[in-house]
Amino acid sequence: MTEPAWLTVLTTTDSEEKAHLLARGAVEARLAACAQISAPVTSVYRWQNAIETTEEWQVLLKTKAERYDELEAHLVAAHDYDTPEIIATPVVRGNARYLAWVTAETASAAAL
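Under the working numbering, think of the first position of the sequence shown as 327, with each following residue one higher.
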């Protein structure tokens, strides 16, 4: 099975303002072609031996698979969580023009 060419990458944060900063930073750095910020979600999770319930904003970023390591490093550096959620899901099919746009928008500086 071949590796996917494109990914959607999900992260979460605890404020709308932080979500906008994470989204904008990744797009400005050309590590993501776009980012969508969803309305607050309620997250329930175990952290340091306690069950927590928190309001969070999800940020869904679209990128080329080859840019994932750089995008992950960027998100970890920009994030204020000790262990941020960063999950990549392969894009197995999509509109050809859209995926070409994602490819162009996430081209590395060397490729421009």
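Misleading hints may appear alongside valid ones.
To be verified - Derived CB-CB ranges, DEER-like:
(1) N375 to T328: 37 to 47 Å
(2) G420 to N375: 38 to 48 Å
(3) A403 to A433: 17 to 27 Å
(4) A433 to T368: 33 to 43 Å
(5) G351 to E329: 19 to 29 Å
(6) E431 to T379: 35 to 45 Å
(7) E329 to E378: 27 to 37 Å
(8) I413 to N375: 36 to 46 Å
FYI, nobody ran anything at the bench for these hints, they're computed from the structure. Backbone N, C-alpha and C define an ideal beta-carbon position, used for all residues, glycine too.
Hints and how they fare:
| no. | hint | result |
| --- | --- | --- |
| 1 | N375 to T328: 37 to 47 Å | holds (42 Å) |
| 2 | G420 to N375: 38 to 48 Å | holds (41 Å) |
| 3 | A403 to A433: 17 to 27 Å | holds (21 Å) |
| 4 | A433 to T368: 33 to 43 Å | holds (37 Å) |
| 5 | G351 to E329: 19 to 29 Å | holds (26 Å) |
| 6 | E431 to T379: 35 to 45 Å | holds (36 Å) |
| 7 | E329 to E378: 27 to 37 Å | holds (35 Å) |
| 8 | I413 to N375: 36 to 46 Å | violated (23 Å) |
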